[in-house]
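Enquirer: So you can see what is in the structure, the chains are spelled out below.
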Amino acid sequence: MFYREAGQFKTSYEADQQVFPILQDRIGVAIILGVAIFIVPFVANDFFLSAIAIPFLILALATIGLNVLTGYAGQLSLGTGGFMGVGAYACYKLTTLFPDVSIVVHILLSGFAAAAVGMVFGLPSLRIKGLYLAVTTLAAQFFLEWCFIRIPWLYNYNASGAIEVPGRQILGTMVTGASAGSVPRYFTVLAIVILLTVLVKNLLRGRIGRQWMMIRDMDIAAELMGVRPLYAKLSAFAVSSYLCGVAGAMFVFFYLGAAEPSAFSITLSFQILFMAILGGLGSLVGCFFGAAFIWALPIILRAGPPMIGIPIAAETAFHITSMIIGALIVTFLILEPHGLARLWQIGKEKLRVWPFPYA
Amino acid sequence: MNRHVDPRQALPQPDGIATGEVLLDVRNVSLRFGGVKAITDISFDIRKGEIRAIIGPNGAGKTSMLNVINGFYTPQEGSIVFRGKERKKIAPYEAAASGIARTFQNVALFKGMSTLDNIMAGRTLAMHRNFFWQLIYYGPALREEIANRRKVEEIIDFLEIQHIRKVPVGRLPYGLQKRVELGRALAAEPALLLLDEPMAGMNLEEKEDMSRFILDVNSQFGTTIALIEHDMGVVMDISDRVVVLDYGRKIGDGTPEEVKSSQEVIDAYLGVSH
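Just so you know, the protein sequences line up as chains A and B, in that order. If you count the first sequence from 1, position 252 lands on 252 in UniProt numbering, and the numbers rise without skipping. If you count the second sequence from 1, position 175 lands on 175 in UniProt numbering, and the numbers rise without skipping.
No lab work stands behind these hints: they were computed from the structure. Mixed in with the good hints there might be a few duds.
Unchecked claim - Taking lysine-lysine pairs in the DSS-like style, the calculated list, with each CA pair at most 27 Å apart, reads:
#1 K348(A) - K10(A)
#2 K48(B) - K207(B)
#3 K89(B) - K129(A)
#4 K111(B) - K348(A)
#5 K348(A) - K166(B)
#6 K151(B) - K201(A)
#7 K151(B) - K166(B)
Unchecked claim - Taking CB as the label site, the calculated pair distances span:
#8 R171(B) - A30(A): 29 to 37 Å
#9 R352(A) - S43(B): 53 to 61 Å
#10 E153(B) - P355(A): 28 to 36 Å
#11 L343(A) - V167(B): 15 to 23 Å
#12 G177(A) - R171(B): 49 to 57 Å
#13 V167(B) - A139(A): 38 to 46 Å
#14 N130(B) - I194(A): 18 to 26 Å
Backbone N, C-alpha and C fix where the C-beta goes; we use that ideal spot for every residue, glycine too.
Modelling step: build the complete structure from the supplied sequences, incorporating the hints.
Expert: Okay, here's the thing in structure tokens:
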């Protein structure tokens with residue numbers, strides 16, 4: 001009833017090319033941002049921020065990274081976990097090499113290390129496609145994991161083989177390390193995620209994003225329109241790995257606090273892939289849906305039943321989660337390959353013409 | 001790359017070839033796939049401003065010929081002179097940059113993108129803002145986007161597809177998809193437009209529409225067109241000159257009347273008892 005675009009006329013191409021051309025959408029986004037910035041950090045408890053909100057935002061960013069590559073540029077990747085690890089280890093090395101530089105700078109720079117590695121492992125995409133490419137990215141995953149274990153320089157020859165996050169401040173507030181509170185960490189993560197999401201959206205709606213989608217949909221025709229496959233594919237790998245790298249660095253610095261190589265195993269790659277598929281390939285909002293869903297489901301299953309008086313063992317909750325996620329992925333692949341984002345879109349279209357079935 | 005350029009200036013420049021002079025010259029081209037000869041020693045030319053039809057029975061090598069012209073295939077022998085420049089090997093994106101656009105026999109649109117984005121995709125070569133400006137989006141990148149959008153909207157008006165501007169092309173009926181594909185090729189403002197069976201699978205009305213668009217493109221924009229078509233009525237009506245292929249060889253070349261009355265062409269189409 002309230003979701004009507006009647007009377008909202010566009011008088012310029014500029015107005016027509018906005019990210020949210022409908023006024024109600026703009027209001028909705030403003031409300032969500034307002035809640036995320038002004039309400040969540042002050043109302044939510046420490047558990048919600050540390051265990052749900054922060055990892056959700058970080059994983060959503062990693063999902064955006066994978067979605068750029070798989071959903072927009074059509075290059076299947078199973079190396080997400082590895083690329084996130086590159087970001088994390090790069091950030092760790094940067095903090096030890098340049099302890100005086102701001103942690104935010106380190107986080108944003110560490111993405112470039114991941115981007116460089118991603119481009120190298122993206123080279124096979126010039127020759128091979130689909131499943132075969134997925135296998136080469138799988139090789140990247142295992143190779144990178146091997147590096148995290150076997151190259152002691154990466155973890156500063158630490159006896160435990162793990163990286164431990166040093167304490168760092170922004171504007172006099174601790175944001176990393178053991179003594180950092182959840183609110184400053186939340187704000188830092190939120191700021192970086194919002195910034196990068198906006199930048200990615202800009203790329204996607206311009207020439208470069210269009211070139212990625214051209215390569216995805218019909219690479220032969222794309223080449224004939226003047227797209228150079230080398231640039232298009234490698235830039236997709238670079239941007240994707242950059243985002244994954246930043247997400248990986250934040251994952252360790254703002255969420256885990258310390259990480260062993262196993263944190264960036266193939267399991268993480270699959271988890272991000274599930275988020276991208278369930279959320280919707282080729283959709284930015286879907287990344288947030290997918291990340292929220294897959295991250296929150298186990299927590300809800302673990303915390304929900306005891307709240308209503310049903311005792312459930314942690315082990316059981318874990319198994320049920322796996323089963324539900326597995327079933328959901330199969331269901332989505334069959335019924336709605338474009339994921340939650342598509343459902344969201346259908347819902348909005350229905351709402352626009354409500355109470356009529358179609359316009 | 002960073003200068004602010006009018007998108008149109010960045011496109012292939014006028015080449016000083018007057019209407020009626022040779023724009024593209026195919027010289028003794030032979031193409032083999034292993035032992036299979038797809039094209040054998042074919043020569044013909046396309047003059048600026050004309051509509052040139054390439055016809056022939058199935059498997060005659062027509063599509064292979066187009067693929068050679070826009071760089072998908074590299075011929076083993078012979079060469080191609082386009083706008084006075086001779087080339088043997090060229091990548092498809094280089095062919096595009098030199099001013100050749102085409103449509104495909106089986107519609108090769110970007111299925112996940114809207115009509116508007118598909119035709120904007122045709123403007124790829126006219127857009128130059130680098131990565132940094134694309135990240136910022138507002139400012140130069142947006143100005144470039146809108147300048148090109150304006151051009152694309154002209155093509156949308158021309159092809160009468162305003163109503164499907166925002167519809168993902170995968171949802172469009174076949175006839176409209178063909179029209180969008182023509183729009184995408186036109187968006188590149190090509191010097192030479194290759195159309196591979198633009199009317200395949202269309203009904204009479206759609207064929208008439210498409211013929212009208214092809215003739216309009218030719219007369220309004222002065223675009224040189226080479227088309228492959230099986231509908232002889234259409235070919236004879238709209239083309240200035242026709243080249244006939246059969247089994248990878250050229251068996252006829254000339255005006256529609258000349259070709260129609262050539263015994264060799266009639267034999268190829270109707271079969272002949274030996």
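Enquirer: Tell me the numbers of any earlier hints that the structure contravenes, in ascending order.
Expert: Hint check: nothing fails, all pass.
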